[in-house]
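Listed below, chain by chain, are the residues.
2 protein chains.
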Amino acid sequence: MTDSKPFLTTCLSPALLHLYDASNAVVVIIDVLRATSTIATALNNGAKYVIPVDSVAKCIELGKQINCITAGERDGKIAEGLAYGNSPFEYSRDFIEGKILVLTTTNGTKLLHMALDKGARYIVTGSFANLSATCDFLLSQNHNVILGCAAWKDKINIEDTLFAGAVINRVKNHFSINCDSSMIAETLYLEAKDDMYEFMKKQNASHYLRLSGYGLEKDIRYCLTPDIANILPFYENGILTRI
Amino acid sequence: MTDSKPFLTTCLSPALLHLYDASNAVVVIIDVLRATSTIATALNNGAKYVIPVDSVAKCIELGKQINCITAGERDGKIAEGLAYGNSPFEYSRDFIEGKILVLTTTNGTKLLHMALDKGARYIVTGSFANLSATCDFLLSQNHNVILGCAAWKDKINIEDTLFAGAVINRVKNHFSINCDSSMIAETLYLEAKDDMYEFMKKQNASHYLRLSGYGLEKDIRYCLTPDIANILPFYENGILTRI
Numbered sequence: 001m002t003d004s005k006p007f008l009t010t011c012l013s014p015a016l017l018h019l020y021d022a023s024n025a026v027v028v029i030i031d032v033l034r035a036t037s038t039i040a041t042a043l044n045n046g047a048k049y050v051i052p053v054d055s056v057a058k059c060i061e062l063g064k065q066i067n068c069i070t071a072g073e074r075d076g077k078i079a080e081g082l083a084y085g086n087s088p089f090e091y092s093r094d095f096i097e098g099k100i101l102v103l104t105t106t107n108g109t110k111l112l113h114m115a116l117d118k119g120a121r122y123i124v125t126g127s128f129a130n131l132s133a134t135c136d137f138l139l140s141q142n143h144n145v146i147l148g149c150a151a152w153k154d155k156i157n158i159e160d161t162l163f164a165g166a167v168i169n170r171v172k173n174h175f176s177i178n179c180d181s182s183m184i185a186e187t188l189y190l191e192a193k194d195d196m197y198e199f200m201k202k203q204n205a206s207h208y209l210r211l212s213g214y215g216l217e218k219d220i221r222y223c224l225t226p227d228i229a230n231i232l233p234f235y236e237n238g239i240l241t242r243i
Numbered sequence: 001m002t003d004s005k006p007f008l009t010t011c012l013s014p015a016l017l018h019l020y021d022a023s024n025a026v027v028v029i030i031d032v033l034r035a036t037s038t039i040a041t042a043l044n045n046g047a048k049y050v051i052p053v054d055s056v057a058k059c060i061e062l063g064k065q066i067n068c069i070t071a072g073e074r075d076g077k078i079a080e081g082l083a084y085g086n087s088p089f090e091y092s093r094d095f096i097e098g099k100i101l102v103l104t105t106t107n108g109t110k111l112l113h114m115a116l117d118k119g120a121r122y123i124v125t126g127s128f129a130n131l132s133a134t135c136d137f138l139l140s141q142n143h144n145v146i147l148g149c150a151a152w153k154d155k156i157n158i159e160d161t162l163f164a165g166a167v168i169n170r171v172k173n174h175f176s177i178n179c180d181s182s183m184i185a186e187t188l189y190l191e192a193k194d195d196m197y198e199f200m201k202k203q204n205a206s207h208y209l210r211l212s213g214y215g216l217e218k219d220i221r222y223c224l225t226p227d228i229a230n231i232l233p234f235y236e237n238g239i240l241t242r243i
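Just so you know, the protein sequences line up as chains L and V, in that order.
Under our numbering, the residue at position 195 of the first sequence is numbered 195, and the numbers go up by one with no gaps.
Under our numbering, the residue at position 139 of the second sequence is numbered 139, and the numbers go up by one with no gaps.
With the rest of the complex left out, here is chain L (with noise of 0.2 Å):
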């Protein structure tokens, strides 16, 4: 390493983000169990654009005031009011090409807004389906980079650290790292990569519980593959834009 690299650091919380200084930086939104997936899903498959918002209320709204798909899910149900969920599945070319979606995300919408007020330089989302999306980008930019994962709640989860650590494994040798939480998450990639949807079944992993609770293990294991929708969305004014 040399002191001429930018640096990259992970953070494995919302709650952590005022640790970290992110102006001028890169900053990686990260909300794998499926608000990211979803995201470059719809990108993928020609969506025109996604509005992120934290509410349903938000989405309802919005949906009142342009020609849009409102989204969202309450305890793995479409939210009343909204008219299609959370599922990458939802999102085909034939469904979605050229409309714009507005998302309920609630924590990666939140950890977005809190990127932006500290300044980034650039906002992206990363999940398993974008992942060499967005470490060639990560790669083609001279500046430092912060790994930003969604949690729930504030808590730490399983999957978002794992793929923390997927892009750590690919990138660091062109980043400065003195950063735990990154090597927390590279050590867990690394035990986990050869079968992801099994540890995560093995560990009990909170998220896994809670969507196979309600049948939701094709979007676990979709969500888990990487390169399935491999673009790049990119945050301004408000949007989510494939570049």
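It is worth saying that the hints were derived from the structure and are not from the lab.
Any given hint could be a false lead.
Intra- or inter-copy, both count: the list cannot distinguish identical chains.
Stated by the list, open to error - Here are the simulated BS3-like cross-link-like pairs (lysine-lysine), alpha carbons at most 25 Å apart as the crow flies:
1. Lys5 - Lys201
2. Lys110 - Lys155
3. Lys155 - Lys5
4. Lys201 - Lys172
5. Lys202 - Lys172
6. Lys58 - Lys99
7. Lys172 - Lys5
8. Lys155 - Lys118
Since the structure of chain L is already known, use the hints to place chain V on it.
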């Protein structure tokens, strides 16, 4: 797992403690490098009790009021106005037996006071030096447990996470654990346990770098050695005593 088992959760940073219900729980304060290792060592070697304080100023103040050993460091050296440092090697039986130790430990004391404010039932301190005594105590109680990592200025660190993982690995069958941080900690521990010193070194753990930079590799090795001072420090009325 049955519902009748008490819960065990892991809090990887004091900045996340508000997410957990500490009321009536046993909270284990973990500050492996080096506060809780040194506390176990001093009490194992016959110190009358240990008063943890969160600043050098308070340590100096107490030193004027009672007959005690005042200890604390800044940047790897004994802090100005104090007599001794934070190394467990300073607290041999010859030196510390029968004495009161006032120890400056910023991160650990902060977390301890937070646990107290949140209504913890019992507060104990844990480190590899007293791993078995810590686990035995948790197993002897039928209460919820929070493994509280002191971290470093709220940033998650590898060694405190490793210790949480070691405890979980030993006691998990007796608790209900639905906590991704606990699973991450145990995975890290299982990966590191055969040679934790080499693991810390290989991972460029932030405290490995900091302490080895001060020539304190010997302290790190000591603090990663299980059961080298196998007693249980118990906090009550502002002091830590051996039970």
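*State whether the alpha carbon distance between lysine 5 and lysine 201 is at most 25 Å within one copy, between copies, both, or neither.*
between (37 Å within a copy, 21 Å between copies)
*Since the copies are identical, ignore which copy is meant and state whether lysine 201 and lysine 172 lie within 25 Å (CA to CA) inside a copy, between copies, both or neither.*
Cα proximity of lysine 201 and lysine 172: across copies only (17 Å, versus 28 Å in one copy).
*asked:* I want to check one pair: lysine 172 and lysine 5. Are their C-alpha atoms no more than 25 Å apart within a copy, between two copies, both, or neither?
replied: Result: close within a single copy only, 10 Å intra versus 41 Å inter.
*Is it within, between, both, or neither for lysine 202 and lysine 172, if the alpha carbons may be no more than 25 Å apart?*
between (28 Å within a copy, 14 Å between copies)
*At 25 Å max between alpha carbons, let me know whether lysine 58 reaches lysine 99 within a copy, between copies, both or neither.*
Close inside one copy (18 Å), not across copies (62 Å); limit 25 Å.
*How do lysine 110 and lysine 155 come out at 25 Å by Cα distance, when the copy is not named: within, between, both, or neither?*
For lysine 110 and lysine 155, both the intra-copy (14 Å) and inter-copy (20 Å) Cα distances are at most 25 Å.
*Identical-chain pair category, lysine 155 with lysine 5, by Cα at 25 Å*: Intra 31 Å, inter 22 Å, cutoff 25 Å: inter-copy only.
*Should lysine 155 paired with lysine 118 be assigned to within, between, both, or neither, using CA atoms and 25 Å as the limit?*
Classified as both; 21 Å inside a copy, 18 Å across copies.
Checked against the numbered hints above, the structure violates none of them.
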